[in-house]
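Colleague: Add chain B to chain A, keeping to what the hints say.
Number of protein chains: 2
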Amino acid sequence: MASDLHIHSAFDRDLEAVQAMIMKMGGMVEAAIADAARALETRDDELAEQVRRNDRAIDALEEQVNAECARLIALRAPIASDLRTVLTVIKIAGSLERCGDFAKNLAKRSSVLSQLAQIPGASLAIRRMARTVELQLKDALDAYIQRDAKLASDVRQRDAEVDQMYNALFREFLTHMMEDPRNITACMHLHFIAKNIERVGDHATTIAEQVIYLVTGMMPEEARIKADKTAFAGGDE
Amino acid sequence: MASDLHIHSAFDRDLEAVQAMIMKMGGMVEAAIADAARALETRDDELAEQVRRNDRAIDALEEQVNAECARLIALRAPIASDLRTVLTVIKIAGSLERCGDFAKNLAKRSSVLSQLAQIPGASLAIRRMARTVELQLKDALDAYIQRDAKLASDVRQRDAEVDQMYNALFREFLTHMMEDPRNITACMHLHFIAKNIERVGDHATTIAEQVIYLVTGMMPEEARIKADKTAFAGGDE
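From first to last, the protein sequence lines are chains A and B.
Quick note on numbering: this note's numbering labels position 33 of the first sequence as 33, and the sequence is numbered without any gaps.
Quick note on numbering: this note's numbering labels position 146 of the second sequence as 146, and the sequence is numbered without any gaps.
The shape of chain A in the complex, shown without the other chains (with noise of 0.2 Å):
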């Protein structure tokens, strides 16, 4: 490290500790999506109670960077681009809690699918795009740490592939149901496994966003405007 070479101030120091807490969020975050993911292939209800009981810990971990934020920006004062530092803080720890939650949600699904008919395919797909926005999610943290925009743009086009995952899967399951009956309660649960997986790429995303402004100054230009096409899709086209 260089540190030694820099010259830190107080702000620097409380801010670092703050961002150490929030890599050691994302890692968890992370670990949570893929446990889920796997214990979803694997049908291994024991890992997916685990995910399930360790997202208290992802919770409490949020409350206690807010908390350290607030500290912060009452006892150094921050402004301009430190103060907008520390509010980007609160934001990736807000979406990195929600994060948590879809990953919860998976391992609860993930319970429940292991009573019913399997859908061949679902869960290695699953994993595999379970897999794309761990990665998408990590990047979004060191684009971050980092300050790098060109890392967090990378990280935006990403969210493409992910959609296209999610619309082929939504196909994939309509015609599971379509195709048979007893397929439609496994299939909406698969779905909304999808959806949930979808959502932690559009986190991804936002937390990519908020890198860019704060390294440029400015949004990226279609931030936001990203939409579901399955919305539009009509369901199988």
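Incorrect hints may appear among the rest.
[Claimed, not checked] Here are the computed lysine to aspartate or glutamate pairs in the EDC-like style, where the Cα-Cα straight-line distance is at most 16 Å:
#	chain 1	residue 1	chain 2	residue 2
1	A	K91	B	E63
2	B	K91	A	D12
3	A	K91	A	E68
Keep in mind that the hints were calculated from the coordinates and are not lab data.
Modeller: Structure of chain B alone, referenced to chain A:
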């Protein structure tokens, strides 16, 4: 108004301005949900399109709230409960922006649904659910403005009602899908709509919890442990 009896600090004045923005944003979100639900029921594509267009104004207002809060923190350097209040405002604005997105998504799906088979009673039930969450949201914001922990507590309790409505609809949609595969596509979209409305209720609850925290200094006991029951319902119990 008794404001002439009250000594207003510069902070109070700024906070009032930002609170006015929040109330305006809340009104816009409530209207968006109501209009989207009405567009669904009356198959009014033009109204749905209008809801989608109006979402940009909600997004813009959130950015304005964020900027104003940052300015307020930098300028007035609030501490303790004042700072907590400003951070709560930022969170509430974030929740409202998400609710606006749900309304927009509802409007999009309503345009798709107007081309599909009608599911008897569905749009009426959805509209009833929408009205319930609109009121929840309105009361949560009123509770914030009046710092009324009792009203906030009441909003939280009422979330169970919304969850029940959602669970009933979930079962109903499953039944329709199993009865006739031609209902599947429409029911998938309706199900998403119901889920998104239920999520608006969750956001209203989150706002209510923050009000309770703001007034009492403590988060309500069972905050965050509320579960989506369909994850356990296996679909039709």
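Colleague: Now, for every hint given, state plainly whether the structure supports it.
Modeller: Each hint tested on the structure:
Note on K91/A and E63/B: the hinted pairing holds, with a Cα-Cα distance of about 13 Å set against a maximum of 16 Å. Proximity of K91/B to D12/A is assessed by CA-CA distance (about 24 Å); at most 16 Å being required, the pair is judged violated. Distance hint between K91/A and E68/A is fulfilled; the C-alpha atoms sit about 13 Å from each other, no more than 16 Å.
Violation of the numbered hints given earlier is confined to hint 2; every other hint is satisfied by the structure.
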